[in-house]
Every structure is written in structure tokens, then in C-alpha cells.
Amino acid sequence: GIQVEQSPPDLILQEGANSTLRCNFSDSVNNLQWFHQNPWGQLINLFYIPSGTKQNGRLSATTVATERYSLLYISSSQTTDSGVYFCAVVETSGSRLTFGEGTQLTVNP
Amino acid sequence: KAGVTQTPRYLIKTRGQQVTLSCSPISGHRSVSWYQQTPGQGLQFLFEYFSETQRNKGNFPGRFSGRQFSNSRSEMNVSTLELGDSALYLCASRGTRLYGYTFGSGTRLTVV
Numbered sequence: 001g002i003q004v005e006q007s008p009p010d011l012i013l014q015e016g017a018n019s020t021l022r023c024n025f026s027d028s029v030n031n032l033q034w035f036h037q038n039p040w041g042q043l044i045n046l047f048y049i050p051s052g053t054k055q056n057g058r059l060s061a062t063t064v065a066t067e068r069y070s071l072l073y074i075s076s077s078q079t080t081d082s083g084v085y086f087c088a089v090v091e092t093s094g095s096r097l098t099f100g101e102g103t104q105l106t107v108n109p
Numbered sequence: 001k002a003g004v005t006q007t008p009r010y011l012i013k014t015r016g017q018q019v020t021l022s023c024s025p026i027s028g029h030r031s032v033s034w035y036q037q038t039p040g041q042g043l044q045f046l047f048e049y050f051s052e053t054q055r056n057k058g059n060f061p062g063r064f065s066g067r068q069f070s071n072s073r074s075e076m077n078v079s080t081l082e083l084g085d086s087a088l089y090l091c092a093s094r095g096t097r098l099y100g101y102t103f104g105s106g107t108r109l110t111v112v
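Chains as they are written, first to last, in the working numbering: chain A, 1 to 109; chain B, 1 to 112.
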């Protein structure tokens with residue numbers, strides 16, 4: 001099956017800093033999503049981005065499908081951005097989400 | 001528009017018992033998927049239902065089963081619970097392949 005690798009596994013920032021999270025995947029996909037898992041466990045959908053670039057406030061994402069990677073940018077980070085960020089993909093021939101291991105982000109005041 | 005609703009939020013069960021979890025998708029969504037999250041294994045796909053039919057199944061033992069009703073609500077059942085079944089169970093729904101999945105708040109199951 002498809003493999004999804006996220007980096008870095010852990011990231012510690014000071015409030016106000018910028019960061020880039022990366023997601024590499026091993027095969028063609030028809031769905032790629034970035035999620036933020038809140039402290040209560042819910043996966044909050046940040047972006048549905050199988051290709052191209054999207055922005056939502058301080059967050060933006062870019063997926064280069066031909067090179068099989070996606071990037072999530074967080075600018076001017078806030079303490080409320082802390083948590084685990086997951087990248088998940090659906091390979092072209094399938095319908096299930098395959099998740100990466102996640103990036104644990106800690107933003108200190 | 002209401003989101004994906006999972007009930008109950010928390011459950012404590014004894015080893016050997018069985019449990020049923022419920023998921024109501026976003027109105028109009030016909031695809032419902034279930035995922036298990038544990039610290040050791042991460043997020044793993046359990047199964048997907050579409051229009052009352054199981055369309056896809058992950059690599060879990062037969063103790064894990066599910067179904068979907070005509071109103072798209074889904075239930076998953078775990079029989080003969082084991083300590084290792086303690087996990088966060090997440091449900092997701094999707095409208096069409098052109099859009100992404102939306103997740104519910106999850107059910108946290110503890111087996112003692």
C-alpha cells in the first residue's frame with residue numbers, strides 16, 4: 001500500500017515564528033488532506049489539497065502531485081496552534097485514507 | 001449544517017464484553033469510514049460503508065464489524081474485547097470523491 005512520511009516528527013517554536021511541515025507519499029493520490037488533532041482527539045480538517053496551493057489565514061498548503069509531496073506552512077504561530085498535524089492521502093485506486101505518523105508541534109509563549 | 005456526530009464520547013468496558021459505537025454522518029453524505037487510533041499503531045483504517053454496503057475493509061480481526069443503515073448512520077461493533085482494543089475510534093464522512101473527509105469527535109474506548 002501507499003506510504004506516507006511526515007517530517008519533522010517534533011517541532012518546538014516560540015510564538016510568532018514560522019514553520020514548514022512536510023509530507024511525502026509513495027504513489028499517485030486523488031485526495032490529500034492536512035488535519036490538526038485537537039487536545040480532545042478530534043481531527044480538524046485544515047486543507048483538502050490533492051494538488052496546487054491554498055491559503056486560509058495564517059496557514060497555507062502546497063501539493064506537488066508529480067513529485068509526491070505536500071507542504072503545510074504556519075506563519076506567526078500562536079500557542080493555540082500546538083498539537084499534532086497529520087497528512088493523509090487516498091491513493092488513486094482506492095478510497096481509504098492513509099495517515100502519516102504526524103508532526104507534534106509545540107508553540108511556547 | 002451539523003457535523004459528524006459520534007456517540008458515546010467515552011466508554012469503559014471489561015475484557016470479554018462487546019461494544020457498539022455509533023456515527024451519524026453529515027446530512028447528504030453516503031460514505032462513512034471508521035478509523036482506530038492508538039499510540040503504538042497510529043491511525044489505522046477499519047472499514048468504509050457506502051449506501052449500506054461495505055466498500056473497503058482494513059486489516060483487523062473479524063471481532064470488528066460494522067454496518068450502515070438506510071439513513072447513512074453507521075455502527076461499529078467490537079466483540080470479545082481485548083485490552084489492546086483500547087483506543088480512540090474516529091468516524092469520517094464524505095459527500096463525493098471531489099471533497100475531503102470530515103471527522104467526528106471520536107469515541108474513546110477503555111478496556112479494563
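To be clear, the hints were calculated from the coordinates, so they are not data collected in a lab. Glycine residues also receive a C-beta, built at the ideal position from the N, C-alpha and C atoms. A couple of the hints might just be wrong.
[What the hints assert, rightly or not] Distance ranges between label pairs, derived from CB positions:
1. GLY58(B) with TYR48(A): 17 to 23 Å
2. TYR69(A) with THR38(B): 25 to 31 Å
3. ASN18(A) with TYR99(B): 27 to 33 Å
[Claimed, not checked] Computed footprint of chain B on chain A; a stretch qualifies when at least three of its residues, placed anywhere within it, have a C-beta under 8 Å from a C-beta of chain B:
4. 5-18
5. 32-40
Evaluation of the provided hints:
Distance hint check for GLY58(B) and TYR48(A): the Cβ-Cβ separation is about 22 Å, which falls inside the suggested range of 17 to 23 Å. At roughly 27 Å, the beta-carbon separation of TYR69(A) and THR38(B) lies within the given 25 to 31 Å, and the hint holds. In this structure the supplied range 27 to 33 Å holds for ASN18(A) paired with TYR99(B), their Cβ-Cβ distance being about 29 Å. Beta-carbon proximity to chain B at under 8 Å applies to 0 residues in the region 5-18 of chain A; the threshold of 3 is not reached and the given coverage is violated.
Check result for the region 32-40 of chain A against chain B: holds, 3 residues qualifying (beta carbon to beta carbon below 8 Å, three or more required).
Hint compliance for this structure: hint 4 is the single one not met.
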